[in-house]
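Q: Each of the two chains sits in its own frame; use the hints to bring them together as a complex.
For the protein sequence lines, the chains are A and B, in the order given.
Reading the first sequence from the start, the letters are residues 1 to 410 in our numbering.
Reading the second sequence from the start, the letters are residues 1 to 405 in our numbering.
Calculated from the structure, these hints are not laboratory results.
Do not take every clue at face value.
For the chain A half of the interface with chain B, some residues (derived, Cβ under 7 Å), not all of them [as the list claims (entries may be wrong)]:
1. Gly73
2. Gly129
3. His139
Computed footprint of chain A on chain B; a stretch qualifies when at least three of its residues, placed anywhere within it, have a C-beta under 8 Å from a C-beta of chain A [claimed, not checked]:
4. 111-123
5. 278-291
6. 325-338
7. 368-377
Note that this is a predicted model, so its numbers are computed, not measured.
Glycine included, each C-beta is placed from N, C-alpha and C at the ideal position.
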Amino acid sequence: MPEKTDIYKLANGMTLIGIPVAGVQSAAFEFLIPAGAAMTPNGCCGAPAVIEDWIFRGAGGKTSRQLSDILDGLGLHRGSGVESKHINLSAALQADNLPKAIELYADIILKPALKPEQFEYSKQLALQGLLGLEDDPRHETMLLLREHFYPDPLGRNTAGKKQDLQNLTAEKTDRIIAENFDLSQTMLAVAGKYDFQKLCSLVEKLFADGKTNDKKNITPKQRPLDYYHHPHDGAQVHIGIMTGSVTPQNNDYYNARVAVAVLSGGMSARLFTEVREKRGLCYAVGASYHSLKETAGIGCYAGTIPQKAQETYDVIIAEFKRLADGISESELQRAKTGLQSALVMQSESTMARAGAAATDYYFLGKVRTLEEIKQNIEKTTVKSVTDFLKNNPFETFCSVTTGPVEIKPV
Amino acid sequence: MEFKHKKLENGLNIIGEVNKAAQSAAVGFFVRTGARDETDEISGVSHFLEHMLFKGTDKLAAHEVNSGFDDLGAQYNAHTTEENTVYYSATLPERLCEAVTLWCQLMRPALRNSDFNMEKNVILEEIAMYKDMPEFDAQESCRALHFGNHPCGKSVLGSVESITSLTSKQMREYFESRYAPNNITAAIAGNFDFEKICGQIENLCRSWKPRQAERKTEFFAGTAKREHQKRKNLNCQHIWLASPTVAYQDEMVYAATLLAKIIGDSTGSRFFWELVDSAIAETASMHCEAMDGVGVFYSYIRADRQNGPKAMEVVEKIFRSLQKEKISADELQKAKNKVLSAITIKNEIPMGRLLELGINWVYLGQYRPIEDEIQRIKNVTLADIQNLIERFPPADFTQFAVGPQ
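So that you can see chain B by itself, here it is in the shape it has in the complex (with noise of 0.2 Å):
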């Protein structure tokens, strides 16, 4: 595999992992913004925003987007998180240049009234459709009450309120201040020739006008509250626990991650004998979420009204006793073969690869080679975990739960 990076003179940053044995060919855009760049005012604004971006340019209308992409059998989508909007397609190689085409007009909408009107009400029913799924509902829930008052704790789909008084005025201010180049990634994942794509790319993007896109990025450790709302029509209790960890950009990411399979893996980790092997939960989950400058551990677990409490006892002891029972070496080998073998598996496939090279050049600006990954998970010590246990103990978590009682 050969890595290609250009940056144009507005801040666009082009890059490619270029792999000629592959079936097909990944583009992605990467907009360095999402629900923490939003005020309250405008809550939701970055995910609506996406959804606005598949209606059309100035020369195109949404059923020609929509269109334009199935012409070219494309398989595409996008997502909006806490701080990224992320745009992708795969397309088999000779059809590449098209979606690029495609993908650099869409970059610049029209964000008409009409198309706005209509779509609003679209959010309205996925923010309606997520109420009809407690977990992630719940999860909502308690990253805002873990994140308090920091931006990261924001809604991604903001509320009815929010959705129902926002403008396209307001929207068409965000884009200007958020979509500009200098905040936008370009990434080209599979089989494809990177100077031909890249000259495409600068052609049609080269005038688009750099502006000022910050952020703020304080780290916060989480208000550590606890919170549970009683909902008659649920059977089970789905609680979120949530506690701080290492940010994106800190080294020790690779040993979270590895932490946090060895605690909440779907199978032969902790929470996994403690809760699911006994029946206590049905599931218990454990996962890193490194962010900009921050990061959490979220833990979800879903029980019967009667074995809620005791599932919570449970997780507190295997919290409280991290520090007691160290994590063993074959417990840490253990979580460094799936995490190795998911790699393995995950980058086989261009859109797999795609979104990995995307995050990384987002967040690091700089790019890292598979076996570079690789490596960093290999180097990962039982002194990394038994550090990080000590620096973030796991026990100091804000929780959430919705359910029956």
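This is chain A alone, in the form it adopts within the complex (with noise of 0.2 Å):
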């Protein structure tokens, strides 16, 4: 079956997507909200933990009761998250209630009730969370990683900040929800079994009067890459090491994916072989392809008792450096085999698919078919990623470190 994509636009500048996926029962949807942790003003960094929370408490004339119960009713498996740019809001169910689920998730962006005495509830949530960040030193270090990088506010912690979210009111939280809840920059994505027309409709019905604003346009100051070292009594250092790659808008974006899959795709990959293999230092170790619409970078992890740190540290830079001199024809191979069928697997999944289109409509203003993607990849060659990696060497690092003691970078 040829790949099909849906895609309309309401008058208001909201985008709905539509992904088929033949033979499954299921269907998933993904809303993504312009109101991520940049989006928000200065002061109030964490104020889209809460709103993710807040905006669940009733809506649309239902009590947080009543609203949780239709949606737990429906069987849904609902998930959120607070992204740069964006909140994502998504869930997967049975394809027959997804019109109703797509009704309730109307009230909860367009008409939540925003109760003042609920919003206490959910900062204090957002504050319990921050401090459960702090016994969580693998995943801080990656959010330290991610805002130490990223030019400010791009890289802003999504956890938020203490000091912020204690001086946070409901107030000042429903005035940026008003301000960043915008339809003209909201786009839904739905994959699986659906009827699109009726799905057209049906959004045209929910969303065609909901509120727009101006298009809020953010200065990001980009920061110089260092190290930063967090001090925590545990067990291992937590490394996080980040260095600049290109957004999927630019030409070199498949010899960049190529890249990192030959340093780090599978367990044959560069880093695995490297650290973990030949010399035993880490179990976990690995580097991924991470991007905002207006930058990109590879972020990298490892985990390792303070007695190896440094050496972890040192392999790992190496590793990123010795790319430059050059992929083999069986790394290229073996990377796109692994794109390639990662990418094929992944479609069986109606959430992923949602997910995926939701980002590729907002990055690139379409959404790539698998077909495109496959083919593209296909097309890199050892000389088109070795001179883009020559051409674009991995020399700057930001570099953060959590644990009980701090290595040298480079």
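A: Below you can see the structure in the form of structure tokens.
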């Protein structure tokens, strides 16, 4: 069956994307609302984490309990998260219940109750979440890494800042919702089993009169890539390393993805082989590509006991730098096979398809077909990847460690 | 979907569920062995051995194993629990044969001393990693406390001491005694030709020699002890509770799964409304772990230091009130809807289906089609739930907490 992407744009600018998946009984959807961590005014860091909880505490005339009961009654698998630019609200469910679920999410997005007494609970949960993060040094390291790597405010900690959260009020947060829940920049992606015509009519009926604002522009401030240490009396030193890469809009995007796969695509990739297999330095080591619309990076994590932290760090940096010396034909083939095969397997999950479609549309203004991605991966050659790496060598790094000892960075 | 089964003369079971519409195919080797089958002296050997399988055979070096899977574009891994060691991969259908060949070879590993000594470092790093994950670390301690001297209380990772003193000879002996074909199930799910794959497995595995690989499976209700550990470097109280429930083989396991959802699902449960909605705890969840001959309800509560004691008061109140404030038809229906939609979503992917298929066979020795699973969930009644609460009151729990206080 040829691949199909359904796209419908409402007059107010909201975009509905549909990805039909054959042979499934489920449907999944994801809303991207432009109210992420970077979109929050200064001094309100953490507001999106509060909002993500607060909007579910009653909506469309239903109490928190009524709303939750109906969502649970539909057997909805809910997810939500705060990203740099967006709050994402996602769910997967039996396809028959999709229209009812979209109706409820329209209430949550357009008519949340936002009761002040409920706000306090949401705020307390966000503060506790921040506290819990300090007991999870690996996760905390990676959040700190993005914060220090990306230009401010793009890398802002999505969990927030304690002081800002403590000072946050219901009124202030209400205003942030009013400003940032802008339908003209909102996307809804659906994947799985659905009737697109019916879905368009439904979304039109529910969202056509929703509010739009002027598009918010933020001016990111570049910062030097440096080393930061966060003292933590734990068993391991958690090392985060990030270096710049190209965004999905760039012509070299697929060369960059292949390069990351050579570095850390599978267990035979360079990092795993050099750090774990040959030297036994770590259990967990890996690098992955991460992108925002404006800028992108390759982030690496490794956790190791203090005595091995420096060697681990040095070996990883050496592997990043060695990429510019070139890659072999077999490494290229392995990277291509891995990327293409992962693409097909991810496409079997309706949740993964909906998420990927929304992100694609945000980055590129279109949804790439699986075939298009496969072909672009196929087009890369040893020369194209090596040229890219020679022209964009990994020379500067942002490094973060959390643990009992510091390391000497490059 | 079509189910197929063949048992080889040496006892190896090969099962498959064919779904021609799938885009991928998943294969797994389910070895019925884990921490509960170890002695204290070799604690952690099952998990260490799982790592060692990837180090190759007499004919394959470790890097050839890794590149072998990567060349296939396979998503592959393995995990070890108290009672199972599972190796699995998913590939595009046209690469399944090669993945199966690799796995069949790896099931007879070389266990070279040089690899053993190097990998020991990785295992010790893994132990250190989990020390920095209090949620996981506290569950391990809770399990050990709950099971006391029962084998299910043994640590999957082992300790720094047991791993350091473990020898490759001990590992080889353990391998010989546990990786017998009659103690292994090979399962395949997704888009594949059963006769072809089955023939291939038969050719590669028929020479494996059967051996008795027994396990004691006596029921144990738990010690109901309560302990607490103070750790200054933590910010939250991490509280684990464990109470007994039915084993995997018990038909009431569906009721137990639903009861755990009703009490401790992440949304709309009794824990959610009493603890999370009011921000007493940041997280409060409950799940049912049905095992071989035993079962446990685990609950996890994470709260800040001030709220820790209050959260536990609320939990005790919720548990005690289960007999008076009976579960309502509405609560049961919501839990059923959640479980049913999870089954649909999980089973749409061959890898999700593989794990269900293999584990069912390991525990029950039988195939359960998805429709059958769905019907069993639908058949659970309020009386079943109430009966379960009376037989296994969740209020009789073991508790292990770790935190700054």
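Q: Now look at each hint and say whether the structure bears it out.
A: Here is how each hint holds up against the structure:
Checking Gly73 of chain A against chain B: minimum C-beta separation of about 6 Å stays under 7 Å; hint holds. The interface hint given for Gly129 of chain A holds, since its Cβ lies 6 Å from the closest Cβ of chain B, which is under the 7 Å cut-off. Given the 7 Å rule on beta carbons, the hint for His139 of chain A is violated: about 10 Å separates it from the nearest Cβ of chain B. Counting residues of the segment 111-123 of chain B whose CB lies closer than 8 Å to any CB of chain A gives 6, so the stated coverage by that chain holds, three being the minimum.
With 5 residues having a Cβ less than 8 Å from any Cβ of chain A, the segment 278-291 of chain B passes the three-residue criterion, so the hint holds. For the segment 325-338 of chain B, the stated coverage by chain A holds: 5 residues have a C-beta nearer than 8 Å to a C-beta of that chain, and at least 3 were required. For the segment 368-377 of chain B, the stated coverage by chain A is violated: 0 residues have a C-beta nearer than 8 Å to a C-beta of that chain, whereas at least 3 were required.
Comparing the model with each earlier hint shows violations of hints 3, 7; every other hint is respected.
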